[in-house]
Amino acid sequence: MRYSALNLFRQGLAGQTGWPQAWRSPEPRPSYDAVIVGGGGHGLAAAYYLAKVHGMRRVAILEKGWLGGGNTGRNTTIVRSNYFFPESSAIYDFALRLYEGLSQDLDYNIMLSQRGILMMAHTEHDMELMARSVNAMLINGIDVELLDAAQVRAEVPLLNFGANARYEIHGGFTQRRGGIARHDAVAWGYARGASGLGVDIIQGCEVTGFDIAGGRVTGVQTTRGAIGAGVVGLAAAGHSGVLAGLAGFKLPIQSYALQAMVSEPVKPVLDTVVMSSATGMYVSQSDKGELVFGAGLDLYPSYAQRGNLPVEQAVIAGMLEMFPAFRRLKLLRAWAGLVDVCWDYSPIIGPAPLEGMFLNCGWGTGGFKAIPAGGWMLAHLMATGQHHPISAPFDLSRFTTGRLIDEAAGAGIAH
Amino acid sequence: MLLMPCPWCGPRDEPEFQFGGEPATRPIPAAEVSDQRWADYLYLRTNEKGFHRELWCHAGGCGQWFLVERDTVTHVIHRTLKPGEPA
Ligand SMILES: Cc1cc2nc3c(=O)[nH]c(=O)nc-3n(C[C@H](O)[C@H](O)[C@H](O)COP(=O)(O)OP(=O)(O)OC[C@H]3O[C@@H](n4cnc5c(N)ncnc54)[C@H](O)[C@@H]3O)c2cc1C
Ligand SMILES: [Zn+2]
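Chains as they are written, first to last, in our numbering: chain C, 11 to 425; chain P, 885 to 971.
Calculated directly from the structure, the hints in this document are not laboratory data. Model, not experiment: these values are computed from the prediction. Beta carbons are placed, not taken as given, at the ideal position from N, Cα and C, and that holds for glycine. Do not take every clue at face value.
Unchecked claim - Here are the computed lysine-lysine pairs in the PhoX-like style, where the Cα-Cα straight-line distance is at most 25 angstroms:
#1 C:Lys260 to P:Lys933
#2 P:Lys933 to P:Lys966
#3 C:Lys74 to C:Lys260
#4 C:Lys74 to P:Lys966
#5 C:Lys277 to C:Lys298
#6 C:Lys298 to C:Lys340
Said to hold, decoys possible - To spell it out: a stretch of chain P is covered by chain C in this simulated footprint if at least three of its residues, at any positions, have a beta carbon under 8 angstroms from a beta carbon of chain C; those stretches are:
#7 910-916
#8 923-933
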């Protein structure tokens, strides 16, 4: 059923009892033309575009837990495309442009809020490097602006401009089209859209192995039985290495815990996203009023889906240094997700070393902003067997050719 | 917080340590190592879920490297070994 004013009115008259479920939960069929492992944003978007753009209907998503229960439902929802290299600008800005039309396309409000994103500079050297980055981004066609200290102060008066500030503010740069979106809505909107086009969404179904015949993947083993597959797409984020192991290869990926936290909700105080590499934190205010803030990685491999105290302390100290006014807020929740980090902080999109299998992984600390594009690229690969021009530079082969796309700086703190 | 038993200094807090990756042996002689083997050595990891052998450095302490057997799910540290100590 469409979400429209008319249907809202009709359902109002009927006491809100007639809304159907947003997506179907069918039993798995014996086989599909395309099977996607991982029901996060990237897997769901890929399924949606497989059906919508490529007309494939026999498509399934297999999710071991629940939709968006991985990083897609755990992230701090920042969207932006202010990366350094042209390859990155192309993919992240493609994503941002799809995000800009996504609520309409999906008939589902993803609550995109383009409130801008402000990156801080704390020294003259920061400012010089930032000017260089801003110039590179402008050449790549990304709408960024360099700001001096007075402009930063006008935009975010709550920042620490005090005489005793440990991290003096020299300026910053902003991308005004950046901002935040509602993470669950992105997952649910794609799920509803895909289901409506005939995709089977199967939750509580863990992939435990792959059927391989003649060097080609022919199906998956799952906790709900064997399922045949024409092609398989992996979009399992922190568990990509585990799945690669089941398929008999290794990836240039390490899994880490990445933490985030929210404060108790307060009245509106912060109308943009602020981040600072020097203090190691970033913060925005959610529509509910909570301050949502995050951190760098817990820097050792983890599948624990929880972080440790040193990073939590560092991020809170960083936030209080930048916003002394937040000192008296209570911490409401803290959590972590399992992120799949590549050596060059860029994703891996392309054919796997096993025929019939395609990869969408390595998004690490910053793949929420990329969901529409990552899904689009994986769908293109699974439907055509070929790279889309935008995904070609992110092929696994870059680790052998040495043509890495080093976005360690572009990845910022971790978001 | 991890409580890491440095084989030289004994148990110390997590922030004193730096994770140093999975042990790997550099392929030689360099001139004969193919791009593929070199890339495997540099970048590919087992990234094990569960029991994991890894190198750590007591960077904020004695500065020594050592081997750690740790569970990546529970974060339990099974044992730590000095380099060359029989496994
Ligand atoms: C704390 C935190 C903050 C972040 N902040 C930002 C941010 O502000 N902006 C940004 O752009 N990015 C951010 N990120 C990164 C972003 O969340 C991820 O890159 C993105 O959500 C990855 O989406 P995905 O669909 O690839 O993975 P996920 O959403 O993790 O989905 C993968 C799914 O695969 C499933 N799965 C795994 N193994 C199996 C199996 N064997 N069988 C079946 N299913 C399986 C998992 O259960 C999971 O649901 C953040 C991440 C974290 C943890
Ligand atoms: Zn020591």
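Each hint, compared with the structure:
no. : hint                 : in the structure
1   : C:Lys260 to P:Lys933 : holds, 13 angstroms
2   : P:Lys933 to P:Lys966 : holds, 24 angstroms
3   : C:Lys74 to C:Lys260  : holds, 21 angstroms
4   : C:Lys74 to P:Lys966  : violated, 39 angstroms
5   : C:Lys277 to C:Lys298 : holds, 9 angstroms
6   : C:Lys298 to C:Lys340 : holds, 15 angstroms
7   : 910-916              : violated (count 0)
8   : 923-933              : holds (count 10)
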